[in-house]
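*Asks:* Using the sequences plus the hints, can you model the full thing?
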Amino acid sequence: MLNHIRTFRSEEDKVPSIGITAIVPPEIFYARGCRSVDLNNWVVGLEEAPSDKLCAWTAAWRDILLDDPSLIDGLVVVAGGDCHNALVDGQRIAHETDIPVHYFFYPFDGDEGYLLRELEGLDEFVAEIAQKKAARPDDSAPNIIHQVKLRCCELDRLRCKRDLDPGEVFKLLIAASDMMGDVQAYSKACDKLYQQWRLEKHPEPPKELKPVAIIGVPPIMDDFHKVCWDVGLKVVFDEMPYEFVERGGTTLEEMATSYAKYTFARPLEFRFENLKEVIAKREVAGLIHYTQYACHHTLEDPLLRKEFDIPLLTLQGDLPRPVDRQIRLRLEAFYESL
Amino acid sequence: MNHCEGPDIGLDLGSTAAKMVVMDNGKVTEKYVVPSHKWKELLDKIPPVCSTYSTGYFRSSVVAKRSCTEITAAMYGAEHLLDGKTMDVLIDVGGQDTKVIDNRKTDFKLNDKCSAGTGAFLEFIAQYLGVKVEDLGTLHHKAAGGSVNINSTCSVFALSEIVSHLVEEQELEVVIAGVHHAFASKISRMIPDDVESVGLLGGPALNSGVVDALEQVLDCEVAVVEPPQFVNAVGAVIYGVTD
Chain A
20 MLNHIRTFRS EEDKVPSIGI TAIVPPEIFY ARGCRSVDLN NWVVGLEEAP SDKLCAWTAA
80 WRDILLDDPS LIDGLVVVAG GDCHNALVDG QRIAHETDIP VHYFFYPFDG DEGYLLRELE
140 GLDEFVAEIA QKKAARPDDS APNIIHQVKL RCCELDRLRC KRDLDPGEVF KLLIAASDMM
200 GDVQAYSKAC DKLYQQWRLE KHPEPPKELK PVAIIGVPPI MDDFHKVCWD VGLKVVFDEM
260 PYEFVERGGT TLEEMATSYA KYTFARPLEF RFENLKEVIA KREVAGLIHY TQYACHHTLE
320 DPLLRKEFDI PLLTLQGDLP RPVDRQIRLR LEAFYESL
Chain B
194 MNHCEGPDIG LDLGSTAAKM VVMDNGKVTE KYVVPSHKWK ELLDKIPPVC STYSTGYFRS
254 SVVAKRSCTE ITAAMYGAEH LLDGKTMDVL IDVGGQDTKV IDNRKTDFKL NDKCSAGTGA
314 FLEFIAQYLG VKVEDLGTLH HKAAGGSVNI NSTCSVFALS EIVSHLVEEQ ELEVVIAGVH
374 HAFASKISRM IPDDVESVGL LGGPALNSGV VDALEQVLDC EVAVVEPPQF VNAVGAVIYG
434 VTD
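First to last, the protein sequences are chains A and B. Under the working numbering, read the first sequence as residues 20 to 357, first letter to last. Under the working numbering, read the second sequence as residues 194 to 436, first letter to last.
Check the hints yourself; a few may be wrong.
Label-pair distances were calculated between CB atoms; the ranges are [to be verified]:
no.	chain 1	residue 1	chain 2	residue 2	range
1	A	GLU302	B	SER357	43 to 49 Å
2	A	ARG340	B	SER345	41 to 47 Å
3	A	ASP249	B	LYS325	38 to 44 Å
Derived lysine-lysine pairs resembling DSSO-like cross-links, with alpha carbons at most 30 Å apart [stated by the list, open to error]:
no.	chain 1	residue 1	chain 2	residue 2
4	B	LYS302	A	LYS325
5	A	LYS295	B	LYS302
6	A	LYS300	B	LYS302
7	A	LYS325	B	LYS325
8	B	LYS258	A	LYS253
9	A	LYS253	B	LYS278
10	B	LYS298	A	LYS180
11	B	LYS258	A	LYS245
12	A	LYS180	A	LYS190
13	A	LYS325	B	LYS278
14	B	LYS278	B	LYS302
15	A	LYS295	B	LYS298
16	B	LYS302	A	LYS253
17	B	LYS302	A	LYS190
18	B	LYS302	A	LYS229
Simulated from the structure, these hints should not be mistaken for lab results. Quick caveat, the model's predicted, so the values are computed rather than measured. Don't be surprised by glycine CBs; every beta carbon is placed ideally from N, CA and C.
*Replies:* Below, the structure written as structure tokens:
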């Protein structure tokens, strides 16, 4: 099923792969000599439709793992601070395979002490797998990741001011959740995009572009940002990838302080206040609230419409397919309304 | 409104029907409708003109001076045909989708992944019942207020409920009134709060049973924007020549 991505399953590759269902600090995994593998990154581009699904994001990785549990050496399920579809599908993996599973809980109230204990528990789980697989620890990894994330944050901020392809930036930032399974390769990809941005002359946009922000879950269609661009909408902010690069730390204590602010795990007021700040800075003209079929984020829609005083378009995706005519029509009409 | 010698042409190439209006000095002088796949037949009817404007699902199939989505076209077309009056909400019932446009906030909603509140639903039911879709309104009013509950939000399952009612010897007219209420209920879930005026457009607005059911479900007057099938074609022209 996974011909479309790199899975690191080769004889030469001795680094243990640990799946994650949502963001947890990649710094912990790489410091222990393991890699984190964001299972959601398997989904975009997948041709098979998942079975027994509500949200395709979770159902797709669940099917992939049930089909071939050898793809990962352990699984971290974010049980508190992420969606329940992922929690149930994660438990199904625990029930039906021999993959060791660890449940991770973000604090709803942002309690850093609580989160520190959760991070220590996560570190123990990763260390056990690393020991079992005789992985080589890498104490320098958190510092390297810190530098890479700083570069990512810079790219993210600059994309509002220049005309770099928002789809390229999105793909890079979304991959920060697991560093593409290879910190060095990811770091090079960041540098390449940064250099390309500085050196290349970019084509003129097709028409007057309107700056928009994508909030909610990341779009499951891999051409989404390109279609936005084609209809005249320039994505200058992607909420979830922004969280991936903003959170970090070189010690567990620093990570606890930073990840306690992970907005998706916190009350909606906390998330909305953070959003308002970024949206104002980036002079966003409209919000695209992207959700998935059967996604709890859809229920946030009436609150978002009350909280944010700028035009808002709600879209609901389903399977990982190219943007369809209905979604495109909505984007075109949104552009016209702006 | 003309800025050159000939009249303006508005083409609305929708998902099931293609509509064309010829407009002169802001007035519709000719109008035509054909099934979408025969849209090129409309080209034969185009008089020597200065400008063609397009909208609708297949709007990019035609070379037009300017084009816009059917949502924008509906807003411009309805306001023009209502002599500048702006309704709180417009409901545009299309062949395969239904749009609810909130004029107060320039906001809109489209039905998602379901045809139960669209023209396709009514055509599907009419075909099964062996009646013409244009007769549904007359049959609805013969029910004299009687109706049946159709609870399913899926067209196919709704048909099963319809069959059950008919097997239980409910009158056809009463069942059709129930179909219109189910149709209106589905659309009403897309309507924002505190709406006082509603404009209805699209082919199904010709069905007086739909209008009656919507007025009952929404508890407000529903004004059909005339001619309902051609509002977007008119809107394409108005949008095209504005600014």
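*Asks:* Output the numbers, in ascending order, of every earlier hint that fails for this structure.
*Replies:* 1, 2, 7, 9
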